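Novice: When you get a sec, could you build the whole thing from the sequences and use the hints?
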Amino acid sequence: MLVRFVHCVGLAAGLAAGLAGGETRAAALSYVSVAGSNSGDCSDPKTPCKTLAYAVTKTSTGGEIKTLLPGDYGPATIPKSLTLTGVPGALVMVGADGVGLTISGNSTTVVSITGFTFNGQAVASIGVKATRAGQVLVKHCAIKNFKNWGLEIGVNGATKFSIEDSFISNVTYGVYLHKTASTGAPKGVVHRSTIVGKGNGIGVAVMGASDVRVSENLIGHFEYGIYSGGDTGNVLRIARNTISQNANGVFIETGLGAKAETAHDNFIAGNTTTDLDPVNGAPLTNVGTQ
Amino acid sequence: MSRGWNMKPLSLTSALTLACLAAGPALAANSVSFVAVTGNDTRNCATPATACRTFQRAHDATSPHGEIIALTPGDFRPLTIAKSISVTGVEGAGVFGGASRLVTVEAGPTDVVHLAGLTLDGGSLSNTAVHMGSARDVTLRQCAIRNFMRWGLSTGAVSQALIEDMSVSVIGSDPGLNLWAPTLVHRVVARAARGSALVAGNTGVTVSESSFADSANGVDAFGPVYMTRSAVTGNSVNGFRGAITSAGDNFIRGNGSGGSGTITTIGAQ
Chain A
1 MLVRFVHCVG LAAGLAAGLA GGETRAAALS YVSVAGSNSG DCSDPKTPCK TLAYAVTKTS
61 TGGEIKTLLP GDYGPATIPK SLTLTGVPGA LVMVGADGVG LTISGNSTTV VSITGFTFNG
121 QAVASIGVKA TRAGQVLVKH CAIKNFKNWG LEIGVNGATK FSIEDSFISN VTYGVYLHKT
181 ASTGAPKGVV HRSTIVGKGN GIGVAVMGAS DVRVSENLIG HFEYGIYSGG DTGNVLRIAR
241 NTISQNANGV FIETGLGAKA ETAHDNFIAG NTTTDLDPVN GAPLTNVGTQ
Chain B
1 MSRGWNMKPL SLTSALTLAC LAAGPALAAN SVSFVAVTGN DTRNCATPAT ACRTFQRAHD
61 ATSPHGEIIA LTPGDFRPLT IAKSISVTGV EGAGVFGGAS RLVTVEAGPT DVVHLAGLTL
121 DGGSLSNTAV HMGSARDVTL RQCAIRNFMR WGLSTGAVSQ ALIEDMSVSV IGSDPGLNLW
181 APTLVHRVVA RAARGSALVA GNTGVTVSES SFADSANGVD AFGPVYMTRS AVTGNSVNGF
241 RGAITSAGDN FIRGNGSGGS GTITTIGAQ
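These protein sequence lines map, in sequence, to chains A and B.
Note that the working numbering has the first sequence beginning at 1, numbered continuously upward.
Note that the working numbering has the second sequence beginning at 1, numbered continuously upward.
Be a bit skeptical, because a hint or two may be false.
The calculated SDA-like cross-link candidates involving lysine to any residue, where the alpha carbons are at most 25 Å apart (straight line), are [said to hold, decoys possible]:
1. B:Lys83 with A:Lys80
2. A:Lys198 with B:Ala82
3. A:Lys198 with B:Pro109
4. A:Lys80 with A:Asp44
No wet-lab data here; the hints were simulated from the structure.
None of these values were measured; they are calculated from a predicted model.
Specialist: Next comes the structure, spelled out in C-alpha cells:
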C-alpha cells in the first residue's frame, strides 16, 4: 500500500510539473473548421483550429485530424504518421507553384488521407507529394487543376502506397512514381480510380524501379495512359482497367528490364495513335486470371 | 467665419470614384464560395456564415478555377458558367426546374468545368439539364438528372468530357445523352422514354460499366463507340444502331429488333 501511495504521489507531481510548465500536449485527435482559429491544441471540437498546417503541429504522432465543415484548409507538410479525414467539401486550395500536401517523414511514417479535394487552380504544381514515408494511403480524394503532377510518390527509400477510389483530373501526370535515391522505390496499387488528363502527359507514370498494380481504373485524355520507362526494373501489372481516348494507351520502354503483365481483362481501345505499341515498345505479358 | 462647404468642381476621376463607392463595395473574387438555402445574394459568399442563395451569384463571386460548395439541400436556381469552376453539392442540392435549360456551359476554349453531387430535376417542364456549349473540358460526376422533356446532357464545342457515376432520365423523344465531343462515359445509367438513351457523335465515345435500358433505342452510334462491361437491354425499338467496338464482355439483349448495327469484338487486352 505504501509503495502504491508513493507511486501515485510521484505520478501526480510529475503531471503537475508538466502542466505548470505551460506545455500544450499534442492531441491524438484534432479538429479543424473554417470557422475555427489557430490557437490552443485543436483537441476540442467546440474550439477547433482553422488550418491543417497548424493542426499538424498540435497532433501527436499516429493521431488524426478531422475537418468539421466544408471549406479550404490550406496546404500542409506532414513530417510524421497522421490520418487526415475530410467531410464532403473539405478542400485544400493551392496557390502558384505550390504543393497541396507534402509527406516527408521516415521509413516508419504512415500517412492516410481520406475525403479531401485538392485544387491547384491551374497554377499550383502538385496535389500530393511523398518524398519519404513507410506507407501512404490516399482514398476518396479528388485532385485537380495542377500544372504538373496530381500525386507524386518520388521517394528516398522504400515506400508502400495505395491510391483508391480517387479522382484525378486536369493534370500533366496523374500518378507519378519514381525514386530519388539509389535504393528503395515506390511499391503499391492504384485501384478503382478515374484519372483524366488534358491531352498531354501520362496517366500513370512508372519510373525508378517502381512496382505497381493498376486495377479497375479509367484512364483517359493523356498522351500516354500508362507509361513504364525511364529507369531499369519497373514492375507493372494491370487488370480490369479501361484505358481509352489517350494518344497512346500503354507504352513499355524496351531494354530497361521492365516487367509488364496483364490479366488480359483490360479494355485498351479507342486511343488515337496506338492502343499498345509492340513495335517501339515492349509487349504486355498475358498471365491471365487465376 | 463660415464653416460651410467650400465646394470645388469634381474632377472626372473623383466623380467616377464616388459613383463606384456609392454603388457598393467592390467584391474581391473568392477562391471558394458557399451557397445555402438560408443564404442571401447580398452577401459575399466567401464563408459558410456569409453563404449566398444562388449558384449564379456564387459563380460571379468566384475566381477562375475556384470552388462553389452547396452547404444544404435545396434549389439553387439555373446557372450559366462562363469560366473554369467547380460546383459541388451535398445530397439533394441542385436545380429544380424554373428554366428551359438548368445549367449552361459557355466557357472559353481553355476552361475546365467540374460539376459533382448535383440533382437536376426538370419537373417535366424544362427541356435540358446541362448543355455543354463551349469549354475545353467538362466533367460531371455523381449527379442525378431526371424529368426533362428533351436532352439530359448535350455537348457542343467541348474538347473533351467525362460523365461518371450518373443517372440520366428524360421523358421526351430526344436523347438522354447527346454527345458530340470525345467523351468517357463511366458507370452511367441512362434512359430516354421515347428516344435514344445515348447518341454518340462522330468524335468518339468510350463507354464502360454503364446501362442503356428501357428506351426506344439503347445506343445510336454516328461515330466510333468503344464499349466494355456495359448492358444495353429492354429498349423497345433497337438495342443499338451504327457500329460498336466491343471488348466482348457487354450484354446486349432483350431489345426490340436485337440491334440494327454491327459489333466488332476486339476482346480484352
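Novice: Does each hint hold? Answer for all of them.
Specialist: We went through each hint and held it up to the structure:
1. B:Lys83 with A:Lys80: Given pair Lys83 (chain B), Lys80 (chain A) is violated - Cα atoms ~39 Å apart, limit 25 Å.
2. A:Lys198 with B:Ala82: 19 Å, holds
3. A:Lys198 with B:Pro109: Distance of about 12 Å is within 25 Å: holds.
4. A:Lys80 with A:Asp44: 21 Å, holds
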